[in-house]
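Visitor: Below, each chain spelled out in residue letters.
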Amino acid sequence: MRFQRGFAFILLATAALASSVTPAHAADGQTLLITGEGYIKWLWGNQRTDGSLYNFTTIPNEGYGDNGQGTEINLLLASRPSRNTEVTGRIQSRFSQNQWTNFGGFGGRNPAFEEPPGAPCVGGDCGEFDPRSNEYIKMRGLTARYTPGWKLVDAITVGSTDLGMFDPWTIGKIRYIDRDNAKAVLLQGSLANNFGYDLIRVSLPRLWAGPDFNTGSYTAADGAYGLQLRATPSPLFDFVGVVETVSDLEVDTLDFDYDDGRDVEARFSNDVYGVRFGIHPSTLIDIRGMAYFSQAESDPRFGVPSSFGLSGFSPVPAGEIDDEAFKANVDLNDPFGVGLSFNLEYFDIGAQYISILAARREADVLLTEGSDGAFVFPGPDNSAFGVFGGNPTRIGYGGFQGNAQQVATINVDNEFTDFDEAMAESVIGWKGFTIAPNWSLGGFDLSAEYSFIDYNTNWQAWGDPSRGIESSIYPNFESDAGVNSYRNAYAPFQEKETTIMVLRGKYVLDVAKGVDLFGKVKLIDEQDDRLDDPRFLPYQAGDCPGGGAACSNNARDYSPGNSTAAIYGNPPVITGAGGVVGYQWAPFDDISDDDRDMDYRMIQLGGGYQFTDNLYSSLTFERYDVDLLDGNTAFQAYRLHSMSSGEHTKNKVILFARYTLGGSEFGFNYEYNFGEFDPDFGGGFVPQVISDDTARSLGLPFGSLGFAGRFGGWNSLETREFRQNRLKAFLKFRF
Amino acid sequence: MHSSRTPVLAFTLAAALLAAPAFGRSEIFTLNDPRGDDHGDGNYVYPLNDELNEGDLDLLSLTARREGAGTQFELTFARPVKTPGRVAIDYSGTQLDTVARFGFYTLNVDLYIDMDRAPGSGGTSMLPGRLAEIDPASAWERAVVLTPRPHEARGELKRMLARQLRQDARDEDSDLGQAQLEALQKQIPGDVESRIFFPTQVRVRGSKISFFVPDSFLGGPAKDTWSYVVAVSAADLLQSFDVNRALGRQSEDEEALMILPVSPGKWQDRIGGGREGAPLQPPLMDIIAPEGRKQETILGDFDSRARRPAVLPGVVPAEQPKKK
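Chains A and B supply the protein sequences, listed in that same order.
Note that the numbering used here gives residue 589 to position 589 of the first sequence, counting from 1, and the numbers run on in steps of one.
Note that the numbering used here gives residue 70 to position 70 of the second sequence, counting from 1, and the numbers run on in steps of one.
Keep in mind the hints are simulated off the structure, nothing from the lab.
Mixed in with the good hints, there may be bad ones.
[To be verified] To give a feel for the contact side, a few chain B residues facing chain A, derived at Cβ under 8 Å: (1) L48; (2) L52; (3) K82; (4) T83; (5) S92; (6) T98; (7) E152; (8) R205; (9) K223; (10) T225.
[Said to hold, decoys possible] As a list, the in silico SDA-like pairs of lysine to any residue whose alpha-carbon atoms are at most 25 Å apart: (11) A:K513 x B:D215; (12) B:K82 x A:G241; (13) A:K506 x B:D303; (14) A:K513 x B:R101; (15) B:K82 x A:P437; (16) B:K82 x A:A448; (17) B:K82 x A:D529; (18) B:K82 x A:K138; (19) B:K82 x A:P81; (20) A:K151 x B:E276; (21) A:K431 x A:R601; (22) A:K496 x A:D529; (23) A:K327 x B:R159; (24) B:K82 x A:S311; (25) A:K327 x B:G85; (26) A:K520 x A:L344; (27) A:K506 x B:G85; (28) A:K151 x A:G164; (29) A:K506 x B:V99; (30) B:K82 x A:G337; (31) A:K513 x B:Q167; (32) B:K82 x A:S447; (33) A:K183 x A:P205; (34) A:K183 x B:Y91; (35) A:K506 x B:V202; (36) A:K520 x B:N49; (37) A:K506 x B:R101; (38) A:K138 x A:E115; (39) A:K151 x B:R203; (40) A:K520 x B:R101.
All residues carry an ideal CB built from backbone N, CA and C; glycine is no exception.
The task is simple: from the sequences and hints, build the whole structure.
Guide: Shown next, in the form of structure tokens:
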């Protein structure tokens, strides 16, 4: 009798071990293993958008939506042809516009035969004529790994890789939806005991790894080369050296002699050199540091921008640039023996630090929480960010859940995400420090953060007053206007300081299986004087006398031929609501007109409970209160963007559940968001009554007040109230 | 003057509050382990990725303290414990911090506790996938398993045992009747609950992880006269697919409970440096060895051909030489 004494477990496990003697190389040979994942997603929301099965993208014509159901299949292939060789592959479908309602993706309109060309395919309406809606299957990756047993080479990887062996400052791990898209040849090994290396050649992604988010017209030879040397001379000290060089080539159009081949020239080059080290003298203290230097050069002969206007879009600044990035961390682990520990971080990231292959998301290079995702891409008026019609919010009023992750690039990628995913934000230009104590007080786990951030991007006229204000080497993306932005690092005028304070608490209530109680208070105080030198004011003093008199338009040059009047033009005199005569917007005649002062408060309370081994659920409430001065009507949020000065309140109720069973997992994330924006754009202008067309276009009340800006965009003075319901449920299973 | 005393009072109060947890916690024992021995049998190497680095699984000490109605165990590692962030860990975007809710994700620590100190009394098996046995002289009555997903691990363990039981019943030489099978199946959840504890009150602070084990599980506070087998391994957070098993990275017949296997060569997704043709090589990166025994010898002393696994001896804190 094998089972006795009521101690089945121990005997069972013994039996299992005793039988486990199959040789490890049993699978050697041509055995092909096929496993798979299924992923079913269900989106629902009251925005009633159904462009695709992702909540968010800024990429034109890709579609976004908060409604729909879809299925992905992911087949994983693996084999060990020999004991030194392993081959893995992945074949996967994509959500894209593959809604269940496509009924398999048949029929649909064919844009290739539409004359004139029809609208882009969105929401699956092109059926079988668009790969994004006809349930197509793609090869996502194929990787051969060799362990040749050579003295200096431990492993050779050829094909797809996630680049996870480097670091987010140079060659970052590829995000999950692109996980196997990078293709490379990778050698890893040891040059001596405790001295390893990684040597890689990555084919440069033509979709985004160069100026203007592309790598030119000759792309197939573009690549990045990385070498990482890892030394651990002792358990108390380790050291890593990294070198990366990126080569984006174009054919020399002036080489007409084809007989000896064609010459190539660099469209874009990017070199990064860095060191990281760790000192681990005891368990009480741990010290880590890093220093990186980068240089990059874009050649405008190959169509890359030589400068940007006020709203440039590119993952790298123009021209020839170089800069450094430094970071140091000290962890003090319970130095007083009372359960109180500290994490300290200093950081200084240059305005021109560039690594085009740095991690774009799913990495967190700084200790600070940074900003929150709740206010990004809905603008304050629930548009995406602009002041023109036809630009409604995409992710929705609730924004992204949680705080942001920090990435060391302006090439931030929040595309094709859902609201429950972490938002990434750029930290290019940040310098400052974080002090993060954490301690236990009875049953409470407490942690806190104090961060002070100054900026290497604090400058006037883009840091180069010899150039025109609309001729900068820096791309501005969606600008720094609003509560926060995620990929903007540069502004024409900046004199900013940010303080972040966070207190988090967690307590396990000893009831039944234990109730997790958690909460957080977060304060952000941010001040930005922006234009702080009167010589940069657009017009001469007294140019706009007021009292219904027109402005004289005597521009003031801050350098020969350059004036901020190019972007801060004077207002016309109009007759506004109620027959009042005055300026359409306030003249920019004081350095305080563009000042920013944000007082941001967030409080979170929640509880979670593990109902069974398989089911966990939590309920969270978050409230955000933001008092924001973000310039007045003279500033106009750089003309194109929604003004956000005023009081913002936002509330989130989040119900989360996760249920696992064997190889399956069910997830549920419901959010109810509600709140208000009460604008306060200051004085010095005459409010206007909205036109019926503009009201219809922007979804504003007929007859409401606001003002039309320099480009005709409308900023409403109405208090706005918002309500958003949304849900993401999913089922994952492994087979 | 009243106002000048206020800061002093505030400081005193704060100091008292901060120090409060230290009081009422008496140390029961501390077991130390050498720094730099996170290499299993001496040849193991970490995966070639940035998730796990040398020192991450290097256990330096285990301390037990009396606290409230239980025992607070504190593990100290050579490096700060990696904490889970909001990063995707699979192809469908599962966020790491929603899966690893207890503040760590890279490691498992098993404690097998021999409470009665009677040789041969208790179990000698370790959890699935550890591929080693406990010395019968330290056969255990209770096990504590610190793992990033304790609830899922407990559920998975019950399922594994049920599968194993059904497999045993199907064996040709099995004398297990249907009634016995059903009775034993019903017995599994209770056995697991009463004998194996998966801590959920876990704190991660720098290089330390502490976790609480209630008296109701151990029958009282931990004792320094008990014997402890302590083993550190790399966690397999997703426990997905069993690709490792299918590809021969680990034994075909042995299930593995959330543990990364060890394999010959160097790889990105598992522990490297293993022996060729050694399915019984235990994927344990660090253990606490008793005085006079070497970890490398203990973990390297197995014979797959002879079906003889490595045997891990227990350590009795009260019998360890006191270090000054």
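Visitor: Min Cβ distance, B:R205 to chain A: is it shorter than 8 Å?
Guide: With a closest approach of 5 Å, the B:R205 hint holds.
Visitor: Would you mind confirming whether the straight-line C-alpha gap from A:K520 to B:R101 stays at or under 25 Å?
Guide: Roughly 16 Å between the alpha carbons, so the hint for A:K520 and B:R101 holds.
Visitor: Are the Cα atoms of B:K82 and A:S447 separated by 25 Å or less?
Guide: Measuring from Cα to Cα gives roughly 16 Å; hence the hint holds.
Visitor: A:K151 and A:G164: Cα distance at most 25 Å?
Guide: Holds, at roughly 24 Å.
Visitor: Checking one constraint from the list: CA of A:K183 to CA of B:Y91, max 25 Å. Satisfied?
Guide: 17 Å, holds
Visitor: Do the alpha carbons of B:K82 and A:K138 lie within 25 Å of each other, as the hint requires?
Guide: The given pair, whose Cα atoms are some 35 Å apart, is violated under the 25 Å limit.
Visitor: Given the hinted pair B:K82 and A:D529, is their alpha-carbon gap at most 25 Å?
Guide: Violated, at about 39 Å.
Visitor: B:L48 was flagged as interface toward chain A. Is the shortest Cβ-Cβ separation under 8 Å?
Guide: Nearest chain A Cβ about 5 Å off; hint holds.
Visitor: Given the hinted pair A:K506 and B:V202, is their alpha-carbon gap at most 25 Å?
Guide: The hint holds at about 11 Å.
Visitor: Under 8 Å, Cβ to Cβ, is where B:L52 needs to be relative to chain A, so tell me if that hint holds or is violated.
Guide: 11 Å, violated
Visitor: Is B:K82 close enough to A:P81, meaning Cα to Cα at most 25 Å?
Guide: 35 Å, violated
Visitor: For the pair supplied as a hint, A:K520 and B:N49, is the alpha-carbon distance within the 25 Å limit?
Guide: 33 Å, violated
Going down the numbered hints, you'll see the structure goes against 2, 3, 4, 9, 10, 13, 17, 18, 19, 23, 24, 31, 36, 38, 39, while the others check out.
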